Amino acid sequence: METFNNFLGGTVALFSDPFGILIFFGGVIGGMLFGAIPGVSMLTLAAILLPFTAHLSPEHGIMLFSVIYCTGVYGGAITAILFNIPGAPENAPTAFDGYAMTKNGQAGKAVGAAVMCSALGGTVSAVIMMIATAPIANWAISAFGPPEIFALVFFGLAVASSVGAKTFWKGWLSILAGLLIAIVGLDPVGGIERWDFNMPYLLAGIHFIPTILGFFAVTEIFVQAEKKARGAYQAPKLSVDFPSLAELIAHKVAVIRSIVIGFFCGILPGIGATLAAFMGYNEAVRWSKDRSEFGKGKLEGVISSETANNAATGAAMIPLLALGLPGGALTAMMVGVFQMHDMEPGPLVFINSADLVWVVFAAMFFANLSILFVGYLETKTIINLLRIPFQFLAPMILCLATVGAYAVRGLTIDVIVMFVAGAIGFFLRRSGYSVAGIVLGLILGRIGEQTFAQAMQMLHFEWSGFIGRPIALGLIIAGFLTLGGSIYGAFFKKS
Amino acid sequence: MGNLKTGHIVEAAIWLSLTVFLYVYSFEFDKEIEIYKYGASSWPRAILLLIAIAAIGQLAFHWKSGDGAGTSMIGQATADSAEDAAHESHHDSARWYAWTFFLLAIPFVYLNLPEWIAAAMSLEKPGLHTVKLISAAILVVIYLIAIRGNHVGGILALPILFGAFLQDFGFYAMAPVFILGVMYLFGERRYKHMVVVMAGLFALLLMFFVSLLYVGLPTGNISPFYEFGTGLVNILQ
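First to last, the protein sequences are chains A and B.
The first sequence begins at 1 in the numbering used here and counts up by one.
The second sequence begins at 1 in the numbering used here and counts up by one.
Do not take every clue at face value.
Said to hold, decoys possible - Some, not all, of what chain A presents toward chain B, calculated at C-beta under 8 Å:
| id | residue |
| --- | --- |
| 1 | Phe15 |
| 2 | Phe19 |
| 3 | Trp169 |
| 4 | Ile183 |
| 5 | Gly190 |
| 6 | Ile192 |
| 7 | Met199 |
| 8 | Tyr201 |
| 9 | Phe222 |
| 10 | Glu226 |
| 11 | Asn352 |
| 12 | Met396 |
| 13 | Trp463 |
| 14 | Gly474 |
Unchecked claim - Have a look at the derived ranges for each label pair, beta carbon to beta carbon:
| id | chain 1 | residue 1 | chain 2 | residue 2 | range |
| --- | --- | --- | --- | --- | --- |
| 15 | A | Gly484 | B | Asn3 | 19 to 29 Å |
| 16 | B | Leu212 | A | Gly105 | 54 to 64 Å |
| 17 | A | Trp287 | B | His193 | 16 to 26 Å |
| 18 | A | Arg409 | B | Ile138 | 23 to 33 Å |
| 19 | A | Ile471 | B | Leu113 | 35 to 45 Å |
| 20 | B | Phe208 | A | Pro389 | 43 to 53 Å |
| 21 | A | Ala143 | B | Ser211 | 49 to 59 Å |
| 22 | B | Arg148 | A | Gly336 | 31 to 41 Å |
Hints were generated in silico from the structure; no laboratory data involved.
These numbers come from a predicted model, not from an experiment.
Cβ coordinates follow ideal geometry from the N, Cα and C atoms, glycine included.
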């Protein structure tokens, strides 16, 4: 009852403030739009807006970012489905079947499924977030230390190695390439420069936003360019036949499974929606009777991925608000918003700024709900982007990506890094490597190394210490079993 | 040789060479950390070892199965279509790769050569700018000659060249040329359409990012490009 009263209080505070309403709808539409425009993402919008939040109140600043987070995760699915350009890494698995559906003339159905499942996953996640923040945060604090987080990263990478690449080995090489890129810069324990080749730019590490833009948006343009050069480019077929309710009900098990997976992954600091989407997708494949249909345009693939990544958004706020640990790039920017207002996210926020917390919770609930209505209207407009000939769309995407990469830090070298990443991604993709694997390795690499170092210090450099931690041990065993299964498949099963 | 092809061996050789190169460089940061007995180099070396194992595993897989896709792999459709596109368009020959890598090297020549020339001739800033202008003009001509018959290589190199020119010539002067270049390389030949789309797109970008969001895009630092960029920003903001 207290939760409900707090929620009502947050709702009233949100909708009785005209400027708050303006920011809420600005965030809803901005997140969807930036998520949906090929070449930019919610991270681009957040990076552009970050300096301006200093002029907003903390409630408005955090609320704006949380709303952008919810709708941006959904918006990224649109480009993943229509152009094979995931708006963010968490939309990468959506592209596997979503883009295939577009090529099969079922773009509308795929986008419609993304609208419904994103709204459903996000809204359920927001409700659970409100009810269970305190007990789950307490459990995570006591149960998940660095060994468990490292084990989860290992398990996540083991699962991701079987996604997107042509062979198991190429899947692993993709992830390892991402881990390698993540090493460049200062080491997380001693601050020692690694592989900087005396270039000041590399000291701060290779920024993930230009890299992501390069590997996804720019690589896709290059791949389309090659198709165009041999006269094989085909504009995706248009359709606006949204899925029926019966079709979605038929996938209810996948939806529920993805909500559970998404929420569980989202709550763990540093893991967030990316692993949620990959695991949601992977579990859908694992439980499917007809695995061979995945990757060729199966509706369940889109449903699983989109439900899971939006289910992670609500959960990702728990470690941020309760522990001060960001779960991903956008929640890390939220820490920046807090700091600009001389605040630190963490347990004290619940005591000192309870109003802020409940306004944010209410805003996230309504933002997810609004995907259902605003998303439908916006999607019907955005789907018309497909009518633009690619020779006109390509420079638009490349220019937007240029602005996005440059806006993050104001460095032209970030633009060069993005285009070089695009060229590398082009060569790797045509050789059967997974660009999604590289990006996942890049994002989880630093967290993996940091938590490994902390875990080893905690366990006094005794590897046997993992045995005494059942959750970590279970995850590591699960990771090795996944690996073993993949190696067996690579060598002993017929292609 | 089993089912191995030259491409498989080259692929493995690239990974293994990268591993050896980075392993050698890892000695530069092979330092002890008081609170962490594995030091700064253990994690990178472990990753390198895994890369070497995976590269050899990949080679063994090709030796046994040739070009076949692995079992239980998810979402390979995209990768396969990209690979097929390369084969069908004959963009996987050694000559094509050499040509493309030559094109890709042009932006990096621009990023380094003027600095070396200016240092060798002890030139001040105005002299360096002149060298950059001349170098850029020469490299653009070389690029235009080299893309004849290799439009894909041209598209790969053009954005990097655009990125390399941004710092000196600015977004405002370079973006229109870049937009026209991309459209041309994508096969558009209706020049009126190209100019209209370029003008519309450029205007939209400026209005949204510069006028509305006040994003500071690079103005360049070489005259007259710098004056053009800052003049445009003054008008828009």
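Hint check results:
no. : hint                             : in the structure
1   : Phe15                            : 26 Å, violated
2   : Phe19                            : 19 Å, violated
3   : Trp169                           : 4 Å, holds
4   : Ile183                           : 5 Å, holds
5   : Gly190                           : 4 Å, holds
6   : Ile192                           : 4 Å, holds
7   : Met199                           : 11 Å, violated
8   : Tyr201                           : 12 Å, violated
9   : Phe222                           : 6 Å, holds
10  : Glu226                           : 5 Å, holds
11  : Asn352                           : 32 Å, violated
12  : Met396                           : 6 Å, holds
13  : Trp463                           : 12 Å, violated
14  : Gly474                           : 22 Å, violated
15  : A/Gly484 to B/Asn3: 19 to 29 Å   : 24 Å, holds
16  : B/Leu212 to A/Gly105: 54 to 64 Å : 36 Å, violated
17  : A/Trp287 to B/His193: 16 to 26 Å : 50 Å, violated
18  : A/Arg409 to B/Ile138: 23 to 33 Å : 31 Å, holds
19  : A/Ile471 to B/Leu113: 35 to 45 Å : 56 Å, violated
20  : B/Phe208 to A/Pro389: 43 to 53 Å : 22 Å, violated
21  : A/Ala143 to B/Ser211: 49 to 59 Å : 51 Å, holds
22  : B/Arg148 to A/Gly336: 31 to 41 Å : 48 Å, violated
Hints 1, 2, 7, 8, 11, 13, 14, 16, 17, 19, 20 and 22 from the earlier list are contradicted by this structure; the remaining hints agree with it.
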